[in-house]
Amino acid sequence: MSTIRCDIVSAEKEIFHGNVSMVIATGEMGELGIAPRHAPLITRLKPGQVRLKLENGEEQFFYVSGGILEVQPQVVTVLADTAERAADLDEAAARKAKDEAERAIANRVDAMEIAEAQAQLAQALAQLQALEQLRRSLKH
Amino acid sequence: MAGGREIKTKIKSVQNTRKVTRALEMVSASKIRKAQDLMKASRPYARLMRQAIGHIARANSEYKHPFMVERSEIKRVGYVIVSTDRGLCGGLNTNLFRNLLGQIRAWQDKGVEVDMVCIGQKASAYFRRLKVNMVGSVTHLGERPQIDQLIGVIKVMLDAYTDGRIDRLSLVYNDFVNTMTQKATVDQLLPLPPSDELTSSHSWDYLYEPDPASVLDHVLKRYVESLVYQATLENLASEHAARMVAMKSASDNATKAIGTLTLIYNKARQAAITQEISEIVGGAAAV
Chain A
1 MSTIRCDIVS
11 AEKEIFHGNV
21 SMVIATGEMG
31 ELGIAPRHAP
41 LITRLKPGQV
51 RLKLENGEEQ
61 FFYVSGGILE
71 VQPQVVTVLA
81 DTAERAADLD
91 EAAARKAKDE
101 AERAIANRVD
111 AMEIAEAQAQ
121 LAQALAQLQA
131 LEQLRRSLKH
Chain B
141 MAGGREIKTK
151 IKSVQNTRKV
161 TRALEMVSAS
171 KIRKAQDLMK
181 ASRPYARLMR
191 QAIGHIARAN
201 SEYKHPFMVE
211 RSEIKRVGYV
221 IVSTDRGLCG
231 GLNTNLFRNL
241 LGQIRAWQDK
251 GVEVDMVCIG
261 QKASAYFRRL
271 KVNMVGSVTH
281 LGERPQIDQL
291 IGVIKVMLDA
301 YTDGRIDRLS
311 LVYNDFVNTM
321 TQKATVDQLL
331 PLPPSDELTS
341 SHSWDYLYEP
351 DPASVLDHVL
361 KRYVESLVYQ
371 ATLENLASEH
381 AARMVAMKSA
391 SDNATKAIGT
401 LTLIYNKARQ
411 AAITQEISEI
421 VGGAAAV
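Chains A and B, in that order, are what the protein sequence lines are.
Every letter in the first sequence is one number past the one before it in my numbering, and letter 81, counting from 1, is 81.
Add 140 to the 1-based position in the second sequence for my numbering, that's all there is to it.
If you're looking for bench data, these hints aren't it; they were derived computationally from the structure.
Any given hint could be a false lead.
Part of the chain A face toward chain B, derived, beta carbon under 7 Å [claimed, not checked]: (1) GLY27; (2) GLU55; (3) ILE68; (4) LEU79; (5) THR82; (6) GLU100.
Positions of the beta carbon are idealized from the N, C-alpha and C atoms, including for glycine.
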């Protein structure tokens with residue numbers, strides 16, 4: 001039985017790699033079954049299961065919350081999303097990033113205490129350096 | 141005994157500082173391992189993504205995505221800057237910013253404006269004061285940055301590129317080489333730099349489902365996201381490495397300083413004793 005290499009990865013870790021005889025996934029246009037020697041194909045995946053038929057006939061299941069399926073002559077690659085993604089969620093995230101920038105420009109107060117403590121520590125370090133120089137000058 | 145008490149106080153204070161720097165050093169030493177593990181875990185995705193992008197670049201598609209086309213005129217450029225949230229990591233952020241400032245100035249001399257988004261508190265605190273247009277910011281990513289924390293800032297820039305507000309997008313971060321070396325790096329994200337791999341001899345193309353435009357759009361966005369995510373992890377590892385080294389040298393300096401101060405203290409005490417004795421002797425002689 002012919003097999004094809006399959007890699008399933010997400011941005012944060014590797015999920016599966018090995019030889020399989022069939023990959024079944026939910027593409028945007030419907031269920032896809034990829035057997036070896038499938039034509040090159042690239043599609044988005046819908047949230048759902050990716051089913052692998054292994055060489056020994058066993059099946060393995062993985063849940064992906066979306067992603068990309070790429071089929072090449074020698075390899076099938078699933079680039080899974082780690083998080084639930086939707087256009088409006090992305091939009092909200094973008095808005096939040098913009099707000100954050102505006103707030104940073106308007107100078108936030110809550111960061112002050114930390115900055116103060118850091119300044120004190122930095123000062124102490126500078127004093128240490130000065131002492132170090134003093135020590136050197138004493139030696140000579 | 142002149143100054144004895146003051147020197148003692150100073151020694152105490154240096155000792156306390158050393159406690160802090162030692163603690164920071166050890167914390168970073170343990171965190172750097174975790175950061176490196178994260179970095180390694182995310183590499184397969186980045187590699188396979190690059191591979192897929194390489195395939196796409198070589199496919200003979202009729203459709204050319206705007207992300208892959210070099211624009212003839214550059215009026216405004218975008219930068220994604222990855223920095224740390226906390227300081228006390230040596231010259232890590234400063235070197236990065238200095239590197240970037242040179243580039244910004246070069247663009248501004250040519251009359252090109254600069255937009256930027258900042259990842260990490262240090263960048264947003266620094267660039268707030270400069271005459272650049274900060275359009276997005278995200279801070280407090282913590283020890284395990286997640287890709288969904290970064291989606292917002294990336295989307296801001298990708299939208300700007302799609303709408304034609306910026307004509308080029310670059311990524312600025314510290315590349316983790318090893319514990320002793322971190323390299324300030326500027327990578328061009330958009331338009332995709334042409335790959336130097338040879339184009340394949342026979343022409344082929346993907347079956348795109350549903351259509352090339354939407355699929356490529358999706359893939360290229362994910363690609364940029366994965367690059368920024370990878371950069372964030374590299375920068376995190378760099379941060380801990382730089383802090384570890386900086387704090388180690390600070391602790392060493394503190395130890396030396398304590399030695400010197402103790403010596404000065406002992407001399408002062410000895411001088412005081414000698415003086416006292418000579419005063420007694422002198423007094424006795426006078427009687």
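Hint-by-hint comparison with the structure:
no., hint, in the structure
1, GLY27, "holds, 6 Å"
2, GLU55, "violated, 21 Å"
3, ILE68, "holds, 6 Å"
4, LEU79, "holds, 6 Å"
5, THR82, "holds, 6 Å"
6, GLU100, "holds, 4 Å"
Hint compliance for this structure: hint 2 is the single one not met.
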